[in-house]
Amino acid sequence: MDKIFRVNMTDLTSSVEEVPANWAGLGGRALTSTIVAEEVVPTCHPLGPNNKLVFAPGLLSGTPAANSGRMSCGAKSPLTGTIKESNAGGTSAQQFAKMGIKALIIEGQPKNDKFYSLHLTVDGVKIAEESELIGKGNFAVIEALEAKHDKKIGVITIGQAGEAKMAAANISVKDPDSKIRSHGRGGMGAVMGSKKIKYITIDSTGAGAITIADPEKFKVAARTFAKALLDHPVAGEGLPTYGTNVLVNILNEAGGLPTRNFTYGQFKAHDNISGETMHDTIVERGGKTKHGCHAGCIIQCSQVYNDKDGKYVTSGFEYETIWGLGANCCIETLDDIAEADNIMDDIGVDSIETAVMFGVAMEAGILPFGDGKGVIRLLKEEIGKVTPLGRILGGGAGSVGKTYGVTRVPVVKNQGIPAYDPRSVKGIGITYATSTMGADHTAGYTIATNILNVGGFVDPLQKEGQVELSRNLQIATAAVDSTGMCIFIAFPALDIPECLPALIDMINARFGIELTGDDVTDLGKNILKTERGFNLAAGFTNKDDRLPEFFNVDPVPPHNVVWDFTDEEIDEFWNF
Amino acid sequence: MKILVKLFANFRQGRFKVQEFELSVTTTCAEVAAMLKIAEAELGVVLVNGRHAQLAQPLREGDTISLFPLVGGG
Ligand code: SF4
Numbered sequence: 001m002d003k004i005f006r007v008n009m010t011d012l013t014s015s016v017e018e019v020p021a022n023w024a025g026l027g028g029r030a031l032t033s034t035i036v037a038e039e040v041v042p043t044c045h046p047l048g049p050n051n052k053l054v055f056a057p058g059l060l061s062g063t064p065a066a067n068s069g070r071m072s073c074g075a076k077s078p079l080t081g082t083i084k085e086s087n088a089g090g091t092s093a094q095q096f097a098k099m100g101i102k103a104l105i106i107e108g109q110p111k112n113d114k115f116y117s118l119h120l121t122v123d124g125v126k127i128a129e130e131s132e133l134i135g136k137g138n139f140a141v142i143e144a145l146e147a148k149h150d151k152k153i154g155v156i157t158i159g160q161a162g163e164a165k166m167a168a169a170n171i172s173v174k175d176p177d178s179k180i181r182s183h184g185r186g187g188m189g190a191v192m193g194s195k196k197i198k199y200i201t202i203d204s205t206g207a208g209a210i211t212i213a214d215p216e217k218f219k220v221a222a223r224t225f226a227k228a229l230l231d232h233p234v235a236g237e238g239l240p241t242y243g244t245n246v247l248v249n250i251l252n253e254a255g256g257l258p259t260r261n262f263t264y265g266q267f268k269a270h271d272n273i274s275g276e277t278m279h280d281t282i283v284e285r286g287g288k289t290k291h292g293c294h295a296g297c298i299i300q301c302s303q304v305y306n307d308k309d310g311k312y313v314t315s316g317f318e319y320e321t322i323w324g325l326g327a328n329c330c331i332e333t334l335d336d337i338a339e340a341d342n343i344m345d346d347i348g349v350d351s352i353e354t355a356v357m358f359g360v361a362m363e364a365g366i367l368p369f370g371d372g373k374g375v376i377r378l379l380k381e382e383i384g385k386v387t388p389l390g391r392i393l394g395g396g397a398g399s400v401g402k403t404y405g406v407t408r409v410p411v412v413k414n415q416g417i418p419a420y421d422p423r424s425v426k427g428i429g430i431t432y433a434t435s436t437m438g439a440d441h442t443a444g445y446t447i448a449t450n451i452l453n454v455g456g457f458v459d460p461l462q463k464e465g466q467v468e469l470s471r472n473l474q475i476a477t478a479a480v481d482s483t484g485m486c487i488f489i490a491f492p493a494l495d496i497p498e499c500l501p502a503l504i505d506m507i508n509a510r511f512g513i514e515l516t517g518d519d520v521t522d523l524g525k526n527i528l529k530t531e532r533g534f535n536l537a538a539g540f541t542n543k544d545d546r547l548p549e550f551f552n553v554d555p556v557p558p559h560n561v562v563w564d565f566t567d568e569e570i571d572e573f574w575n576f
Numbered sequence: 001m002k003i004l005v006k007l008f009a010n011f012r013q014g015r016f017k018v019q020e021f022e023l024s025v026t027t028t029c030a031e032v033a034a035m036l037k038i039a040e041a042e043l044g045v046v047l048v049n050g051r052h053a054q055l056a057q058p059l060r061e062g063d064t065i066s067l068f069p070l071v072g073g074g
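As given, the protein sequences belong to chains S and Y, one line each in that order. Counting in our numbering, the first sequence runs from 1 upward without gaps. Counting in our numbering, the second sequence runs from 1 upward without gaps.
These aren't lab readings, by the way, just hints derived from the structure by calculation. Mixed in with the good hints, there may be bad ones.
Said to hold, decoys possible - Straight-line alpha carbon distances no greater than 25 Å define the calculated DSS-like cross-link-like pairs of lysine-lysine that follow: (1) Lys311/S x Lys136/S; (2) Lys126/S x Lys148/S; (3) Lys268/S x Lys37/Y; (4) Lys37/Y x Lys2/Y; (5) Lys17/Y x Lys268/S; (6) Lys17/Y x Lys288/S; (7) Lys290/S x Lys17/Y; (8) Lys2/Y x Lys268/S; (9) Lys268/S x Lys152/S.
Next up, chain Y with everything else stripped away, as it sits in the complex:
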């Protein structure tokens, strides 16, 4: 299935901003992070289609997953 992956802040360093991947149907958020060598401890926020997601959440065809380190402001 096709999944769009978006990376933010320092996750972009040495990786990419946005990229489409062809992944097997059972892929979870955690597996996407692992594939990109992003440690779970570094992950701040995971959004799937703009909604907060758990790491174990399986993705579906056409999903957009956005990965952020812990960031803040205000």
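So here's chain S without its partners, still in its complex pose:
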């Protein structure tokens, strides 16, 4: 039977609890958001004792279902002040699921200044004081913990940024190659730091296999599902070959690649940083063009990027990071961006927030546009060493904008806007504005339909159809985020009719239930409403569902368009 593991950091105790009936059918984002909404006072300080940090594997995590090994992490965000769910690959979701840990809830706060670690086994949680690894980067933490335990130990850790409670701090999760995947967005690392937990180790010894109510039905559905993923050109071919970075060129051609801190929609050096160039570079240097962030991923959008001498530099080298430091900061060499990516993983900052922040920092004159070496230096010497300037930078794009009086600050609810300009790709602007998470492209990835011709086509430059598109995708995404599935299954799900029913069949076979497509849509709607309810109670209103003013007044070339939705048009989003 699944259990809830609960840790109280105020009195340093832990307990293993039964799963309440109303949480039983939930997983991933549905569960973290439900727990946060039920147990966290919406007006609490995100870094105080009343916030809670929740980890939950998806409904299908730990099963043989392809791409189901994602873990959700939730809390009230210190970056946005909203509820937050951020999901990541790595080994821990499958460990949790097999150990029967439905969720780990961390609450309270130590009254002293000491740091601690948590050690999870099938029997429960051990809390221990930690001093040796304090101040260390994530790679060193993983290395030390593997030496202390063994290669199979699961690790969830924060770097120097998380210890210092910076709002851009992320939580790192060990992947199957002992490298890092991240709960990136929303400053979850700062919440973990505020709980004074440097790392969590997971020893899954004694964990059984997941029980599946109807193994035969599960097998059939899992096969259909995997076939749909491999048959789809995006999931089966494009992503494993070029990674997500294939988007640089298409967004550049479509005029939606935010460049020089969101001043232009095209970057002259796009070819240097494109997926095509990256692919050739990886092959030339003996890296890997495909790689999975967890065992069981059959899409494998990740990769291993080596330097000129064939030495490992980084993996999980994503479009958003490359766009952010590339086009948005005008850095023209992939090698500098790759090195920065590795440092961001090590010190533990979100690579999207940090890249958007550097665009603002360049506009502020802290360093010139295009200064790749400067970015590397500031990451290592300022953020990594937690200097006063490092704290301002580590506070994210909004923090730098405020401190330096910059007016072009691309954030919604204080979270950095990712790699698609909302003026020339209007659907994604609706997602940025209305997402319960602050600016977040994954919450309702309209790029699929606005740019990539997946799931139909809605013209990115027109207003018609965008609100409905974003709404449908946000509802579907909330449900998918609850299954443990990677969001890239959405590409086949939007195009191949057997894909979504197979996913639902797997959930039904796993739990012995009879969900319909409508039930899943209702689940998605409920999650969004629960999250919005939390945000409203925390003091947000519809007036927070807006993009920064400069999008309304500064036309973005080459199409020379502005963001032109009225408040009423945006607010239509919540009409469901």
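Starting from the known structure of chain S, arrange chain Y with the ligand on it as the hints suggest.
For chain Y with the ligand alone, coordinates are given in the frame of chain S:
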């Protein structure tokens, strides 16, 4: 008329990245793809001057046409 053709991802294999062509005035997007031996089923996205285009769309002097297979990311 002069048309600039840009190819992306695996469309570049055995072809080119960017090339200018002298084409007759009624040439459509579909005809450019056919000329390059790219099957319609392989085509993911067609942009003309950065805007999504239908295959039947005729090109005009000085247009840039960009051809992509179905790709994605995020
Ligand atoms: S497709 Fe990419 S993000 Fe998704 S599970 Fe695989 S490696 Fe992870």
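How the hints compare with the structure:
no.: 1; hint: Lys311/S x Lys136/S; in the structure: holds (22 Å)
no.: 2; hint: Lys126/S x Lys148/S; in the structure: holds (16 Å)
no.: 3; hint: Lys268/S x Lys37/Y; in the structure: violated (29 Å)
no.: 4; hint: Lys37/Y x Lys2/Y; in the structure: holds (20 Å)
no.: 5; hint: Lys17/Y x Lys268/S; in the structure: holds (15 Å)
no.: 6; hint: Lys17/Y x Lys288/S; in the structure: holds (23 Å)
no.: 7; hint: Lys290/S x Lys17/Y; in the structure: holds (23 Å)
no.: 8; hint: Lys2/Y x Lys268/S; in the structure: holds (22 Å)
no.: 9; hint: Lys268/S x Lys152/S; in the structure: violated (45 Å)
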